[in-house]
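When you get a sec, could you build the whole thing from the sequences and use the hints?
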Amino acid sequence: MEYIGEHLLPGQAGRFFVSLSMVSALISAVAYYLFYAGKGQAYHKLARAGFLVHTASVFAVVGCLFYLMSAHYFEYDYVWKHSSLDLPSEYIFSAFWEGQEGSFLLWMFWHVILGTILMYTAKKWEAPSMIVFALVQAFLASMILGVYVGDLKIGSSPFILLRDTPDNLGLPWTQVSDYLQKFPAFMDGSGLNPLLQNYWMTIHPPVLFLGFASTLTPFALAIAGLFTRDYGGWVKTALPWAFFSVMILGTGILMGGAWAYEALSFGGFWAWDPVENSSLVPWITMVAAAHLLLIYRNRKSSLHWAFFMVIVSFLLILYSTFLTRSGVLGDSSVHAFVDLGLSGQLLIYLLFFVVLSLAIFIYHFRKIPSNKKEDELSSKEFWMFIGSLVLFISAFQIIFSTSIPVINQLFGPEGLLPLFDKKMAPPLDPIEHYNSFQVPFAIVITLLIGVAQWLNYKHTGGKIFFRRMMRSVLISVLLTLLVSYFFDFWRQPLYLILLFASLFAVASNLDYWLLLGKGKMNFTGSSVAHIGFGLIIAGALISNAKQKIISNTDVFLSEDMPSSEHALLELGDSTRLGNYVAVWNGMREEKDKQFYDVTYYSRVDSNQLQKEFQLSPFLQMSDNMGPTPNPSTEHFWNRDIYTHVTYSSYLNPTTDDGYRDEMEVELARGDTAIYQDHFIIVDSLRVNASVNDTTKQYETIRLTLKLRVLNVFGEEFIAEPVYNLAQNTVSYEDAYLDEQGFKFRLEDINTESSLYVLKAWTEVREEEKPFIVLKAIVFPMINLLWTGCILMAIGTGIAVWQRVRS
Amino acid sequence: MKRSHIVIILIIAVAIGAIMATINDASTYVGFAEANANPKTTYTVIGYLDTDAAMDYDARANRFEFGAVDKEGVRKKVIYHQPKPQDFERSEEITMKGYSTDSAFVAQEILMKCPSKYNETNEMEGYETYN
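Residue numbers (the numbering used here), protein chains in the order written: chain W, 1454 to 2259; chain P, 1340 to 1470.
Hints in this document: simulated from the structure, not taken from any laboratory.
For each residue, glycine too, the CB sits at the ideal point set by N, CA and C.
It cannot be assumed that every hint is accurate.
To be verified - Looking from chain P toward chain W, a few residues come up when the C-beta cut is under 10 Å (computed):
hint: 1; residue: N1375
hint: 2; residue: P1378
hint: 3; residue: G1412
hint: 4; residue: K1436
To be verified - To spell it out: a stretch of chain W is covered by chain P in this simulated footprint if at least three of its residues, at any positions, have a beta carbon under 8 Å from a beta carbon of chain P; those stretches are:
hint: 5; stretch: 1500-1509
hint: 6; stretch: 1563-1575
hint: 7; stretch: 1851-1860
hint: 8; stretch: 1864-1877
See below:
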């Protein structure tokens, strides 16, 4: 059958380039191997050409998908699922990587760019490291291949047509040749998740995926180092790449935090969510890896650990991909990807690289040179080494707790090896759980950051060391006292110590940079990055430990529980929120957003108010997701006031004829529903139908549903809503119960379950004053955190630049 | 013994500590029966929406009440001091974190598993009914 209005060419081109990219990556890997094995220069040419063809095909695949999305070809499943006609053009990018297939593509895109750079700069490391690169790419290409071998699905293609998806195959509409013109459902896509329609979502994923991609380069070089048995030579080439990875991955993660803070109603920038954790952990190990590489470059020791940490960082990226994309987190995270049935393939991918790389590492383990002489206690390298190991356990703790769903799958009651008789659930209070470990780890790390700057490699004289450090210790003690005075840290000793340690890291590095290094370039990178890290910890500590919910009113919202984290604001009335008096001025609608303007006043004296600022949190309306709250935040230099609307009386819509409190239920005969303190019992259904004499088809159908409505006193009322179907048009005759103010409608009959779909409304008797339910939190000193993020990125960037130059 | 050996032993000790603490901190998925036996203790219960029970969100009190059935078939009223989650009626499975009281299970956190994020199949099959 010929379908009308479909655009098949760009999709076929896309599929062709996906296959080409996979084949060319494999050819490149094999050719690099043959060249490396000494089979001649011709293979080198072939390998490079293969990788360039691969690069070009990845670009072409990306181009094809972009073309489909910007041209709104909704016959494609991916386009239909992730975009819509009214999607602003800047969000085409967000729509592009909203789904799994698109984000795999984004990842491949960064790999080919980094791979091409490595290919032309790695010199003697080119062949062995590019084998790894090309293999990883071949695996990734297979994830978007979308072919079936028998019943086995290999990859999920972004170019599959809507009518070819397994869900739709065989449905009657796929037999209609002009389905694109006939059915409104296919004239527009279902649109992008409103949570992702935010500018952070156009920049956070590309940076994060560049971060993911950047861990591959050090990994490929490390494997090349083992492969060539030149165990130390790769370190110099890998160093700038490792710091590049630290910078980009760190920035990507923190941008995710900024997005959560700006656009999500989690109430904070970090929630120890499994998805957040699984990208944080590889960053931590990469930081450890980069420092171990530094130790090796300066002192030729700790090489085993450097190998291990570089390899583990990349493997953790794969593991995190597996966690977020296989559906295994389903029970414990709200924002993992939807399972595409690729978990088996992801697992093979993961196990392939885990087994292979660890096997190579173990095989070469004894031959990797180590420094027989022990590091001195007063040496910089010893404490850097300790710091790296602490980072490693910190990462281990996070990934272990995050992996509880995986542990369940393996050892739970239904697992492979049932060791536990009960299914483990994630910790009840995740923040408490993670903090109990991560706060002590952070104390050790920030102390080491502060101290290690004053140590020399090899040996440091005791007197010099203490004299150098005295000033920063004094400054940070004073600062700690000052901050604790304002924010009252006295009763939380662990937090007090962390506060001191993080301020000490800042002061010490500032001192080191300005006074010892005199602001010189080769001191700048590490100092600024470490100052940034110290500020991040200090900012996170103060803003989280001292956050204050000011929508905590004196009013008890319910009798048995003072659940008063949410304040109720009636239109025009004033409500006390902490030191402010808030007035909600009304709702205004802009396209699909409902803005709630709330003005905040401060009290000058007992009867005079002064306007301070106005916040406009909004609810994003969407057909798929319903209303989604979007916060609004007032920024001061020393605190943020963060608010979001959790409920609004406008969400309970009144119909044109003055009814509200809509309920929709599906009931069978004899079923009971409870609505507004009344039992509603389905008594019977009467069917009247007329049949056309010539076609023998139903011409009109009239369904009358008899409902018995019982109030609390057992009094019974009868309501009979009617559903009419004539010439394929539906009409309703609603049933009214005037005394109760009820209206009933027989909306539909569910053809699958044969249940009656019943709707009920209640008449609005008196005009109710509109109101909103609002949550407001004050985050003190959160700007320290953001300043720290920027400084850390800049500092690491400078460090990368210096290593590239040297 | 070399200093690095001591460090590694310490690290292994901390790692084992972390594992033990995680297993301790980790809750288990239980049914309402066990939660009822230890009122005021926090548990994670996985259940389904009880379609026979009343569901009501009192916006002024910010209190959402519904009925749930756990995997063993035990029914319980659940109170949740948050607005009603979107598409709650369509949820296949509900994960509730909270504690039991005499009259109800007070949920502090609710996660839902929905059949499909976009409900796309229903939308398209709709056409079948009218032809």
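We went through each hint and held it up to the structure:
1. Below 10 Å, beta-carbon pairs count as interface contacts, and P/N1375 has none with chain W, the closest being about 17 Å; its hint is therefore violated.
2. Here the hint on P/P1378 is broken, as its CB sits about 13 Å from the closest CB of chain W, past 10 Å.
3. Because the smallest distance between the Cβ of P/G1412 and any Cβ of chain W comes to about 18 Å, over 10 Å, the interface hint for this residue is violated.
4. This hint holds: P/K1436 has a C-beta 6 Å from the nearest C-beta of chain W, less than the 10 Å allowed.
5. Evaluation of the coverage hint for the stretch 1500-1509 of chain W: breached, as 0 residues show C-beta separations to chain P shorter than 8 Å, against a requirement of three.
6. Using a Cβ-Cβ cut-off of 8 Å, 0 residues of the stretch 1563-1575 of chain W lie near chain P, which falls short of the minimum of three, so the contact claim is violated.
7. Coverage of the stretch 1851-1860 of chain W by chain P holds in this model, with 3 residues showing a Cβ closer than 8 Å to a Cβ of that chain against a need of three.
8. For the stretch 1864-1877 of chain W, the assignment as covered by chain P holds, since 3 residues bring a beta-carbon within under 8 Å of that chain's beta-carbons and 3 suffice.
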